[in-house]
Structure formats: structure tokens, C-alpha cells
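A.B. asks: The listed protein sequences correspond, in order, to chains A and B.
Start counting the first sequence at 69; every next residue gets the next number (my numbering).
Start counting the second sequence at 426; every next residue gets the next number (my numbering).
It is worth saying that the hints were derived from the structure and are not from the lab.
Note that the structure is predicted; figures quoted are calculated from it, not measured.
Do not rely on the hints blindly, as some may be mistaken.
[What the hints assert, rightly or not] Here are the simulated lysine-lysine pairs, DSSO-like style, with alpha carbons at most 30 Å apart:
id : chain 1 : residue 1 : chain 2 : residue 2
1  : A       : 89        : B       : 870
2  : A       : 268       : B       : 847
3  : A       : 117       : B       : 886
4  : A       : 236       : B       : 895
5  : A       : 117       : B       : 847
6  : B       : 852       : A       : 240
7  : B       : 886       : A       : 89
8  : B       : 886       : A       : 138
9  : B       : 886       : A       : 257
10 : A       : 236       : B       : 847
11 : A       : 234       : B       : 895
12 : B       : 886       : A       : 268
13 : A       : 268       : B       : 852
14 : B       : 811       : A       : 234
15 : B       : 852       : A       : 234
16 : A       : 131       : B       : 886
17 : A       : 117       : B       : 895
18 : B       : 870       : A       : 236
19 : A       : 274       : B       : 847
20 : A       : 236       : B       : 852
[As the list claims (entries may be wrong)] Computed list of chain B residues with no C-beta within reach of chain A, every gap over 12 Å:
id : residue
21 : 575
22 : 595
23 : 692
No residue lacks a Cβ here, since even glycine has one placed at the ideal position from N, Cα and C.
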Amino acid sequence: MRLIIVFMICSLALANENEFKIIEREGEIFIRHGIENDWRIYQASEMLKENDWIQSGANSSAKIERHDGKIFILPENTIIEGMELKNYTSSELLLILTSIEISNIPPQKGKPIAPSGAYIIHGNRPTDSATIDSVEVNQYLEYEMNGLDALCEQSFWAGVILKIFKLKKFEKMLDHESLEYNLLVAYNKMNLVRRFNEAKERFIKKYPNSEYIEQINGLR
Amino acid sequence: MWDETAPTSEILSYEIDQFTFSYRIGLFYDFCEKFKFALLIPPIFEYIFMETRTAPFETKADKAIIFWGEKSWQANTPELAIEFLPDRNLSAVTALGKENDRTFFHYGVKSTILNRFILAGGFDMKHDSERQITLGFGTYIGGFNGFYCFNFNEKLHQITLSFSPLQERELIKLVELKQNYEDIFLYKLDYYRSNEFICATTQNLIDDNVSINLELSGEAIHRVNHSYTLSPGAIKQFRFNLPQVKGDNFHSPTYCQFRISAFSRGKQVLERSIPLSIRDIHQWNGELEDLVYYIKSDHHDILKVAQKLVQDLHLYGNAIQFAKTIFNDISQNFQYVNDPILNPIDFVQLPHETLIKKSGDCEDLSVLFCSLLGAIGIQTALVEIKYQGREDAHVFVLVNTGLNPENFDFMNDNPNRCIFRKNREGKFKAWIPVELTLVGESFDKAWNRAAEEYYRCAILKGGLAQAWVKIVEVF
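Extracted from the complex, chain A is given alone in its bound form:
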């Protein structure tokens, strides 16, 4: 009787579509929950949610199981966010993408965004600090890009789109041509026709001599 009850609880836990589980791992895997800053070592049988982060270090990897049984293999030196592994319908994904885009919209009322006025009060402006912490940013981007490659290779196309949306803020530091190509492929796979057509038009206009053009034309 006791065994039956335990089985039922496990089934319910796995049925939650916002949850994931690491079923196999090599080396150390780090996680951080929600909006926590600190990474900590993953403990066996710990459930992960859509807003959790998973990071693998050098020579480490993990097998992550989604609620529907689909497996994602996390390679070494990779960062993945739970939401990137989730199974979305086209409309669910569109809702999130639209929300991200609305969130990005600049203030509308005609006044420019002043760099925080405190600098003005003190009669000084900060130096352009784009290069500060660039080592950390580069490492983070490298891990995120590894995550993007893994998502592409394993056909987690919604995750590819979400990851690229997340990385778009590092405009100066990324190879946009390959990112946008991946985005096009993912739109195509997720059947987001309108977004695909718009992105295709933008891509051809922006990179008329790109080596990807032939492949893009072959997509539809």
C-alpha cells in the first residue's frame, strides 16, 4: 500500500509541465532557482522549474528529462534556462515573445531616457563601462552560445528562439548573422509563418551576400 502511494506522488510531480529532472550527470552540475544570484551544486532528484538555471562546467554533462519524457543532453560549459526546454505550442511561444518585445519597448512619451540623473547632479558622467567585466560577460556568452548550439542540435526550437531573444541585448558582442539564421530556422520549425517571413525579409536585406541565403530559400 505504501509503495502505491509513493508511486502516485511521483507521477503527479512529473506531470507538471513546468518541471524538469536531471536523470544522469557527469561531473558537477550547478543550478540556481528563480531569481537567485548564487549557483549551487545540484542535488540528486531535485526538481527544476521553468525559471531555474542549469550550468555545466568543464568535463561535465547532464541528461535532463522533460515532463513529457523528452531528453535534453546538457554538454560541458553550457548554461540553459528551464523555460528554454519547455514544450510550447506556437501560440504559447508567441505570447512569451510578444511579452518580451513589449518589455523591451523604450519609454514612449518623447523624453529621452536620461542616464541616471544622479550623474547629472554630481556634474559627472560615468565612463563608458562596456568593457568592464568583459571577461565575465564573454564567459557567460560562451556558455549561452554553447546552450544555443545544444538546443539547435537537439531540436528544442522554442528554446532556440527564447535563447536568441535573450542574447539580443549583447548586440556588439555576437555574430548576428548566424544568430539570425538560427532564429529563422527555429521560426520555420515552430511554424511561426509571419515571424519567419518578416525575419527572412530582414535577413536578405541585411546580409544580401550571406552564405545562408540558399539554405534560407530552401526552408519553405
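Start from chain A and add chain B according to the hints.
C.D. replies: Chain B in isolation, oriented as in the chain A frame:
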């Protein structure tokens, strides 16, 4: 199909030589402004009238006249008339009916002079007899219409009296009376002063000047009165802005009234009034866009407190440090207190009042926080989450740190604690959300709580796309 309000008209026809009379009932339908239909029904008590003549017949608009020739009531069938009104003083009518098994047509025109007198003429046509020409004139007296006409072929005089009990001639038309706001909220007084709140358009339908009087009055406002004269046929639009209000602190809504009246030759021909309620300055209509009106970064108390709070921060202090310092002051010295439960609508304090009271709810504390940050030049925005299935909403603040994404150590700082929004140049800047209800807690906790809520509701659940999460800029 038939207009329920259409009048029924009784017609009495009096023939000088035979002293016979008749009555008929008409049903009218205004198809559109230019066309009207009329259906004439034979009298019910047929035995009273052996043989008679019908008389000119007035439609609802007092503009159509239908002439009937000699006929026997026993042979009557319903007659159908169509009236065309190319002009408000001119109409043409055609009628079709059967009389003693003979098809009967009538064509007539009618003109109204000075909106009081009628001139009409027409001819009847039957398939086997000559055309009969009729001319007549008449006048309106109240709801009654007296008419005389003469049939030239038969040398027949006819006097007609018609009465339309529901018919009231329109002398002035209120083309539009648009009220932009039902309630006047005093926190946005400046807005009302630059945007009209009532728009009235009037048209004079009579051949005489009409004076129009517009008045806004009430105990809380200084009375305003405007008058103008409308010449015959003229249309005029008048826009009303809110006048000076006496004070801004009413404990209960106070009412005022907008009244429009029209006079012709000393007689009132139109009166319409709209009541308006004026809300206390603390009563908020619940729209997030309007909450911004409460943010007063230029108030001297706010400026003084904000500058005092950040004066000890070092030269290169960034917006996060300033936000933290101000939050900590609120967190340590203020209390979270809900709105009074009896208040029918949201109650919001002005930020300098919150400074004195040292307490408030999420809106009051958010308004104070935005005001203080605005006073030292830091840009903020308000976020509202209307939880699905719940009536209440929650408000917290976004603070523009002015920092680029490259400034963050993403390996060690969770990027989901920030919201990366573009500026006008299209460059991403990091904004941080802050939950003001966590008084007594640390800034990091207030930041984390708001960030978690924002990420969960606005992004993961698609709240921004579905508009149950809103961001409003504070300028």
C-alpha cells in the same frame, strides 16, 4: 416595422355643399431623413359614412399631403404613400391606392413657409378619367393642422382638420451632446483644462433666430455661462473646458450640472442637462496611466527629502545605490497601511502627504518612491499586475539604472533580476523592479520579490502580451 411612436392622426373633412365628414387613421414610418412612408387605413365604422371625400392628409413630419378624389368608403382599401423631402421646407409625395376597383395615383408637392404656413398643390390621376387638380393652404396651431383646399375640376371646397397627438415639431436640434468624462478627478485638473469635457452641437430648424445658452454650475466650481445666437438653418459646435474649481479636498463627491437651453422669441424651445460629479483629489479612477498624475517630483518637500537622502553618497554613486538608499529610508520609517475599506474607489495620497503620514498602501508608497527618484533625476516606470480571476491589482516600480547589459556579471548576477529595455537610441538599459510593500525588509528582498513577480507574470505567463500586466512610464 412601424414606428411605435408614430402618431395617429384623425382627419375630419368638411364639405361645404354636403356637410359630410370623415376620419381616417394613418401610420407613418421614417425610413430615413429624406424618405417617409404612410399607410392610410379606412375607417372602422364604415356605415357612418356613405359617400364622402377625403381631405389633405398630414404625415408625421407635417410635410406630406395626400389628396384623395371622390370615393366610396365601402370600396376603400389601404392606401400607400411615399414622401420625399429634399429640403426641410419642401416635400413631394406620391400615393397609390384603389377606389371602386380603379387604380388611383396622386402626385403632390408641399412647401412650408416660416415653419407655420403650408402651401400645397397636386393632381390625381385615374386610369379612365381626367386629371383633377387641387390647390390648398393651411397652418399649424400647436398639434393641430388646419387646411383648406379647392378641387378645380369639381369646384369642390374642402376644409381639413388634423391632429397628431404625439407629433411635436422640432424647432432646434441637438445634433450632438458628447460628454467625455462622467466623473471629474481633481488630480488631473490640468488635463481637463486643456481637453474639453463636453461638446454640444446645435442646429436651428426654424426660420427665426434662436438663442442658445450653455451653463456649468455647482457649489464646487465657479459658474460659467456662454450664450450665442443661431441664425435659421445654422449649425454650431461648442466645446466646454473645465472652469476653476473651488478647492480640491471634498470628503464626498460634489456635483455640478451642465445645462443647455434654447429660446426663440422668449419661449424656451429646448432644455437638456447633464449631472457631473467632482471627485476629491485623493480619489483615483484606478487606471495606471492616471496614477502618474500623483507623482510630484518637483514638490519642494519631495526635492528637499530626496536630496537630503542621497547627499552622503559618493560622487560615482549609481542609480541602484540611490534607489537602495531611498527604499531603505521608506522601509525603515514607513508603514504599510491599506486603504479604508469604506472607500468606494481607490484612495491615493499625494507624495508629500505620505511623507508626513509615514504610511500608505502599494500605490502611495510607489508614488512616493517614484517622486523621490524623479527628484534626483532617476527615471522610473510603474508596473501593474491585474491577477487573473481577482478584482484587485498590484503596483510596483521599475527603476532605470542606466547600466548597459555589458556592465553585469551574468555568471554571478541573475539576468532575470533586471528588465532590459531599449532606450530611444535602441540601446538596452537595465531596469530593476522594486516592491514597495515590503517595508521593514531589505532592498534586495524588495528587488527580488518584484523581479520574480515580473518574470513570472509579465514574461512566462505572457501577461504583457495579454495586457493584464502593464507598464506605464513616469515622466
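A.B. asks: Please go over all the hints and tell whether each is borne out by the structure.
C.D. replies: Against the structure, the hints come out as follows:
no. : hint             : result
1   : A/89 with B/870  : holds, 28 Å
2   : A/268 with B/847 : holds, 23 Å
3   : A/117 with B/886 : holds, 14 Å
4   : A/236 with B/895 : holds, 23 Å
5   : A/117 with B/847 : holds, 28 Å
6   : B/852 with A/240 : holds, 10 Å
7   : B/886 with A/89  : holds, 22 Å
8   : B/886 with A/138 : holds, 22 Å
9   : B/886 with A/257 : holds, 22 Å
10  : A/236 with B/847 : holds, 11 Å
11  : A/234 with B/895 : holds, 21 Å
12  : B/886 with A/268 : holds, 28 Å
13  : A/268 with B/852 : holds, 23 Å
14  : B/811 with A/234 : holds, 26 Å
15  : B/852 with A/234 : holds, 14 Å
16  : A/131 with B/886 : holds, 27 Å
17  : A/117 with B/895 : holds, 25 Å
18  : B/870 with A/236 : holds, 28 Å
19  : A/274 with B/847 : holds, 21 Å
20  : A/236 with B/852 : holds, 11 Å
21  : 575              : holds, 75 Å
22  : 595              : holds, 46 Å
23  : 692              : holds, 52 Å
Checked against the numbered hints listed earlier, the structure breaks none of them; every hint is satisfied.
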